[in-house]
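Since each chain sits alone in its own frame, please combine them into the complex, following the hints.
The lines below spell out each chain.
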Amino acid sequence: MLNFPLVFVLRLVATLLHAALVFAVAPLLLGVVTKCRAWALGRRGPPFLQPYHHLYKCLRKSALVPETATELFAVWPVAVFLATGVAVLLVPGFCTGLLTAPLSDFITLIGLFAIARAAAMLGGLETGFGFGGAAAGREALFSVFAEAALLVVLLGFVLLAHSATVDGISVAFATGHIGISVSLGFALAALLAVALTETGRIPTDNPAGHLELAMVHEAMMLEYSGRFLLLLDYAAMLRLLLWMDLTGTIFLPFGMARADDILSWPGGLLLWVVKLGAMAAVLALFEVSTAKMRVFRVPEFLGAAMLLGILAGVFLFVAARIGS
Amino acid sequence: MVGLPGQGMHVRLDALSLLFLCILGPQVLASAVAGMRGSVTFWVFVLGMVLALAAGDAFTLIFGFELMSAASWLLVLQGDQKPAAFYITIAVFSAVCLIPAVFLPAGSVAFVLIVLGTGAKAGLAPLHSWLPKAHPAPPAGVSAVMSGGMVKVALYVLIRYAFMVLAPAAQPWWGVVLIVAGIASVVIGALRAMLEVEMKTMLACSTVEHVGLIAVGLGIALRAKAMGDPALAALGLQAALLCAVAHALFKPLLFLGAGEVKHAVGTTSLNWLGGLMRGQPRLGGLMLLGAAGMAALPLGPGFAPEFLLLHAVIGAAATGGILARIGFTAALAALGLGAALALGAAVRLIGIGFLGRPRSLHAAAAEDGRRGPLIGMALLAGLMLPVALLPSLVLAALVPVVRLLAPQAQLQALAYAPLPLVLLAFIIAAAAGFVLQRWGVRGTREVAAWNGGFGRAPAWLPFGDPATQPSATGFAEPVARAIARGVLGRDATDPAELYLMDPLRLLHLRGVRVAERIRRATIRERLAFVFAALVLFLLALGLAEGG
Chain A
10 MLNFPLVFVL
20 RLVATLLHAA
30 LVFAVAPLLL
40 GVVTKCRAWA
50 LGRRGPPFLQ
60 PYHHLYKCLR
70 KSALVPETAT
80 ELFAVWPVAV
90 FLATGVAVLL
100 VPGFCTGLLT
110 APLSDFITLI
120 GLFAIARAAA
130 MLGGLETGFG
140 FGGAAAGREA
150 LFSVFAEAAL
160 LVVLLGFVLL
170 AHSATVDGIS
180 VAFATGHIGI
190 SVSLGFALAA
200 LLAVALTETG
210 RIPTDNPAGH
220 LELAMVHEAM
230 MLEYSGRFLL
240 LLDYAAMLRL
250 LLWMDLTGTI
260 FLPFGMARAD
270 DILSWPGGLL
280 LWVVKLGAMA
290 AVLALFEVST
300 AKMRVFRVPE
310 FLGAAMLLGI
320 LAGVFLFVAA
330 RIGS
Chain B
36 MVGLPGQGMH
46 VRLDALSLLF
56 LCILGPQVLA
66 SAVAGMRGSV
76 TFWVFVLGMV
86 LALAAGDAFT
96 LIFGFELMSA
106 ASWLLVLQGD
116 QKPAAFYITI
126 AVFSAVCLIP
136 AVFLPAGSVA
146 FVLIVLGTGA
156 KAGLAPLHSW
166 LPKAHPAPPA
176 GVSAVMSGGM
186 VKVALYVLIR
196 YAFMVLAPAA
206 QPWWGVVLIV
216 AGIASVVIGA
226 LRAMLEVEMK
236 TMLACSTVEH
246 VGLIAVGLGI
256 ALRAKAMGDP
266 ALAALGLQAA
276 LLCAVAHALF
286 KPLLFLGAGE
296 VKHAVGTTSL
306 NWLGGLMRGQ
316 PRLGGLMLLG
326 AAGMAALPLG
336 PGFAPEFLLL
346 HAVIGAAATG
356 GILARIGFTA
366 ALAALGLGAA
376 LALGAAVRLI
386 GIGFLGRPRS
396 LHAAAAEDGR
406 RGPLIGMALL
416 AGLMLPVALL
426 PSLVLAALVP
436 VVRLLAPQAQ
446 LQALAYAPLP
456 LVLLAFIIAA
466 AAGFVLQRWG
476 VRGTREVAAW
486 NGGFGRAPAW
496 LPFGDPATQP
506 SATGFAEPVA
516 RAIARGVLGR
526 DATDPAELYL
536 MDPLRLLHLR
546 GVRVAERIRR
556 ATIRERLAFV
566 FAALVLFLLA
576 LGLAEGG
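Residue numbers (the numbering used here), protein chains in the order written: chain A, 10 to 333; chain B, 36 to 582.
Note that these hints are calculated values from the structure, not bench results.
Small disclaimer: the values here were computed from a predicted structure and weren't measured.
Wrong hints could be hidden among the right ones.
[To be verified] Simulated pairs of lysine to aspartate or glutamate, DMTMM-like, Cα-Cα distance not exceeding 25 Å:
#	chain 1	residue 1	chain 2	residue 2
1	B	117	B	49
2	A	301	B	512
3	B	117	B	537
4	A	70	A	80
5	B	117	B	526
6	B	168	B	92
7	A	66	B	481
8	B	168	B	512
9	B	297	A	80
10	B	297	B	402
11	A	70	B	403
[What the hints assert, rightly or not] The calculated label-pair distances, taken between Cβ atoms and stated as ranges, are:
#	chain 1	residue 1	chain 2	residue 2	range
12	B	301	A	62	45 to 53 Å
13	B	549	A	310	33 to 41 Å
14	A	217	B	113	24 to 32 Å
15	B	508	A	61	36 to 44 Å
16	B	520	A	217	27 to 35 Å
17	A	306	B	551	49 to 57 Å
18	A	217	B	466	25 to 33 Å
19	A	282	B	56	56 to 64 Å
20	B	48	A	30	52 to 60 Å
21	A	217	B	541	40 to 48 Å
Backbone N, C-alpha and C fix where the C-beta goes; we use that ideal spot for every residue, glycine too.
Chain B extracted, bound-state conformation (with noise of 0.2 Å):
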């Protein structure tokens, strides 16, 4: 048997487990499908998640939470061997804290260690910036899995603790820690998917925007329940956990689409794709509508999500103490701004890689995708629809793993109903239609585009010269240039990145520089050294038996 002496291995399913299980169905499910069933790794990396969703006991959950770290190391190892050491080192630390925090008593202790521990394995700011490096490293499969799935692991174990095994012990500022590393997740996240060129990368910048909000939900929900208000508990966990589910459906789906255009054009940097619906119809469809998943609009998937959660933000600057409630209108604003930069993200998406001109001839000859990824991508298509269209139905379901959370939480209906509006849409468009077709004048004549007046491209160009169309980095530039370069500095650093981990890289050199220092000490240093030390051991010796 094992496990620890005399206790050995459980699993144990409850509502949560079951939940995060299903979040972690489909995608594991579409990444077989586009083709990752035959790797070794990437099976030991799922049966890893698994063990950690449905394990029963501290010791099952930090076997089956390190067999996912070790395999999703190795599986970007295979990908990329530069973000690798990152990763593990990064995998390490969240391993240093979470295995003290599981077996120590409920306190705040283990509630930071859990957030410290966890908040690494799941890209929550500060401790963010291994993941835009680690997650587009592996093939496109298992990127998905570790965007949509190993991320929402991370999320299960805070859930699990911050809320059912350390409940006992709960303090409101548990909640408000959490607020505060997702509203700095959701800024950073947003502005960096904002502005990175490569497809995987700003699609895992995105991610850590996500994980913002769930956080954020989360915190709110925590911080409530703390100071017994159950309704706004409720709120917050609804909207956490929605964004959990709409968010490992779109997202897996855009990480396979990447890895389709990867396999079409031979790069994912936006600056040499575009065009791309032309030759890929009805792999920029996919990818359309994982986009507006990730630009929450009305009747996507995010929607609903977004909307819960500024409603909690909103109840949440409602009552309470003036500075909280300053707070959390800074914190409306900070996610208005996350919300308009994660459409321009979409946009910027779509529109520069999909629409447009080719940019490069591999990009103009880019075939659609292979039949495998397309349907694994249709298959997350498809459970999108209902979360997008009956969010009420979703939400109905959560209500089980909302009561194991906050016993006491007092559940509202939800006011954003997307039916009627499409409803009302398809009234409005079937009205204009009708006119269009009764009196317009039907039909379409294709020609040069106008384009202000310029000339045609001479005939050598047959997509017009490409120097005369925005890049990915032209669009993002109006951006870059009024926020990115106040928020991240010049050069778009992360500020995790020069805050945190530059000095950290530092004290390595120096202590490793030291050490190489000690370790080349010639014998007379060794001896002088040691000499020394014991003139001045029993100087000591000496001065303590005087005094």
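Extracted from the complex, chain A is given alone in its bound form (with noise of 0.2 Å):
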């Protein structure tokens, strides 16, 4: 047995170590991605780098503020950056037990996504003018089954976890006898829906999209620049990053180390590197094989998910019965 000192030490370094590597590699996953879905579609693509070489370009430009926007026009972007920074930070990367793991409640999460979305979209409300607008108007559409949804699947995870932090599921799921369970699939299935709604990607909005009309993540975004910009996008890739950890801290907790076991730590973080790798290019694949739809089937698309969910916590309910 450790004795105290030495692994809260331990947890502190696993801490620091996660925020530097998430806070680093979130540009580096967006590369992949785009790579990738490149190459799926035969061409060449841009660099691995490219998002690196995009922020430092918005590091060094000026800033420039729209004279119809009010004060707060600066403030939105930091908030944005803020909430999910935080959430980042709570989730696990590629080991459990850090020292953000007790306030990794997963409403608390829930509610750091709620900041960013709100503070997207009063960015987006910011100028007045019809893009921003109207792309709030969907953001707020959408999020509304995107939230019902994820507090459906989590009742799932906490039945079978019995814990409601993100840590405490992602332990219980790596150690315990969960099995393979058919409340599990349709829980993935409502939780990757959610992800690629609120990480903007296809089928509900387009990332490499061009035209301002069918944007929606883009679109709020569109009068920024600069500095502010460079904290907009690269929240969009740490919001990447993170729904990666969540979906594979849940899904795919094999191989975690533990914080206050350093021997465990090479071997997580190369299955942390893989598992990103994989689900990066699974999105990727996923993207050029579907089309994006059009606003109103995104309710339907997230309905379904929210269904899911509820199926998933039905099936645990009558599992339950019949095995006691």
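Here is the structure:
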């Protein structure tokens, strides 16, 4: 049994390592997804490091402020970035048992997503032009179903893992004898649907689109430039990593390291990179094989996710009934 | 001595009354500072509420409650005549239910009457449709106390009777009644808040939603208490009481702010506002804080109760019969729906009303709020801070109340800690700020908005073409199209109006017509009626004799 200070130091180091890794790797992950997508379409695609260049470019450009914007114009990108940044620190990456683990309650996480979403919507409404406002209205619609779906999926996890923190769910799924169940399949489908919507990927939104009328996430930050755009784009990259971490830590928890066991770290890190790469490839393949749907099809898509989440819960209830 | 013969009136304070008096205090103070201190009716209204909260016997309770109803009716009447009639009808209905209920022996009949009486006063679905009409009518200071205080007094009566007076006869289905009514209130209230264009009506709809949230918490606690689940009972009570505390701070703040918008612009219709943050930075900042509470965002006062409530619903879904568990799963989905809609409504309030470009000259020329209301709002905002950042302390202060309502309650520590989140955000902000300062290009340049490449507006439109800006209606259009027309029906009518109030009105109309017909009968018709009645009577008598 290790003594307390050493465990604490190990967990602190793991947490710092986790923080450094997520903030460093997030742009690369987007680069990998974009590259894989281009490859799948038979193109060469931009270099893996392109997102870093983009961020550096934004850093070196002066920020333009529309004359119709209010003083709060600069507040919204900061709020989006901070909420996403805190959320990404709460979700375990390569190891469980981080110092932030007790904070990582799923509902807190949903709340942090809500802050980021509200700030992004307000940023879209800030300048008072059509595209931002229309996109914010659509985002409001999407969020209604996404949040409901996320909550019912969470119910299934809590029933199985007896814990509401992401860390606890991950540990329970990694060590417990959960097995493969229909409920988890449904929950996975529902979670992926919400993840695609939240990160603004096909089929609900097109990150590579250039038509303002069809944009949702991009249209809300249309007026932002320079360091404000840097924060918003970086937050979007962090969000992609966050959702991959979340999916991975819940559904692929095998091989995750323990923060207080330094010997398990290299394996955990390696597997984390492999999992992220695999998920990026799957995402790219999925994106090239589907088309973006009309805006008013998205509520049906997310409504189906919500029903799947409810079904996952119902199946668990029935299983508990039969089992007892 | 006033009161029932031989009994008089008694005042008795316990933890529950004290809590609700504390809930009432700040908003009354804020409203008084905001300009209501000269109105005698307002103080009678406050007196009624205090009397109802401090009552030691049923007569005093009813007396205070009805004093509150009557005074608030006068206040609504001063603002607008039209909803006042509807309001007094509901108040009379509430009295008709409450007065027999408090004198009945403990049992299900008494509980149903209490729920009808207090639910009608608190705006619990399906008896809520008066609330979005009546609450916005009086001046802002009164609206604030009606929404933040009067509703709470009704809930106080509900809590006192459901958990204490009628406790010996408690049944699990009592809780289910509250949960179902609460969920309906949440969905309808949040949806209408998203769609309403008038700021004060929108805030009143949001009050319906929050009353629903409190009712769900109470219902879970009541059911768990009757079924002997002390942990869940404590969780539900904590959620409901904390929600009542938080709502009593941010909703009066928003109503006072709406009053200042009305004063400065002349309208509270979101479709005529816009860009108010420029002319009213202090008012806008305070409204932003209130809206964060209304949207139940983390680090705001509204999140901790929402957090507890969602955990209570999850806890309730984890045990019990399969039908109940499926029901709680659906309730969870409905609460998620409601939370996201409340967020949309709050974003719409700030984004359409205070950000963007002015939609009218009055909005462009709006000046910052007056001193009194701003001080009142700042007071409420200051009190929101401990609720937002130290919810555990507030919960610790609520322990005696929870113990009083559910003596066996097992309290657990709150798993949501805002301060570490603030610390994390601060660290990230410091790191990002360092990078931006060290390597970034500082300074900003003001330019015309890019707007996807569209040209500048002509010089005679200093704020651009107002028609190119999404309106409040336009912002809500996707939600209206995808959800509201399914749930609320065409024209987004309230289902309570459609299925409850309209048939009642029709029945009333028919009754009036019949009565009028009888009143207008000619002398011949009356004589014929009397004669026919006599013949029938004799016939019946004869048949009875013969048989």
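Hints, one by one, checked against the model:
A C-alpha spacing of about 39 Å is found between residue 117/B and residue 49/B, which places the hinted pair above 25 Å, so the restraint is violated. At roughly 21 Å between alpha-carbon atoms, residue 301/A and residue 512/B fall within 25 Å of each other, so this suggested pair holds. For the proposed pair residue 117/B and residue 537/B, the alpha carbon gap of about 16 Å is at most 25 Å, so the pair holds. Under the criterion of a C-alpha separation no larger than 25 Å, the hint pairing residue 70/A with residue 80/A is consistent with the structure, at around 20 Å.
Taken as a hint, the residue 117/B and residue 526/B pair is honoured in the structure, with Cα atoms around 21 Å apart against an allowance of 25 Å. Taken as a hint, the residue 168/B and residue 92/B pair is broken in the structure, with Cα atoms around 32 Å apart against an allowance of 25 Å. This hinted pair checks out: residue 66/A and residue 481/B have alpha carbons roughly 20 Å apart, not beyond 25 Å. Restraint check: the Cα-Cα separation between residue 168/B and residue 512/B comes to about 22 Å, which is no more than 25 Å; the hinted pair holds.
Using a Cα cut-off of 25 Å, the hinted pair residue 297/B and residue 80/A holds, with the two alpha carbons roughly 22 Å apart. Between residue 297/B and residue 402/B the alpha-carbon distance is near 11 Å, which keeps this suggested pair within the 25 Å criterion. At roughly 35 Å between alpha-carbon atoms, residue 70/A and residue 403/B are farther apart than 25 Å, so this suggested pair is violated. Remark: the range hint 45 to 53 Å for residue 301/B to residue 62/A is upheld by a beta-carbon distance near 52 Å.
For residue 549/B and residue 310/A, the Cβ-Cβ distance of about 54 Å falls outside the hinted range of 33 to 41 Å, so the restraint is violated. Separated by about 59 Å at the C-beta atoms, residue 217/A and residue 113/B break the suggested range of 24 to 32 Å. One distance hint, 36 to 44 Å for the beta-carbon pair residue 508/B and residue 61/A, holds here, with the actual separation near 43 Å. One distance hint, 27 to 35 Å for the beta-carbon pair residue 520/B and residue 217/A, holds here, with the actual separation near 33 Å.
For the pair residue 306/A and residue 551/B, the supplied restraint of 49 to 57 Å holds, since their beta-carbon distance comes to about 54 Å. Hint check: residue 217/A to residue 466/B, Cβ distance near 30 Å, so the stated range 25 to 33 Å holds. The supplied range of 56 to 64 Å is met by residue 282/A and residue 56/B, whose beta-carbon atoms lie about 59 Å from each other. For residue 48/B paired with residue 30/A, a C-beta distance near 57 Å keeps the hint of 52 to 60 Å intact.
For residue 217/A and residue 541/B, the Cβ-Cβ distance of about 57 Å falls outside the hinted range of 40 to 48 Å, so the restraint is violated.
Consistency with the previously given hints fails for numbers 1, 6, 11, 13, 14 and 21, ordered from lowest to highest.
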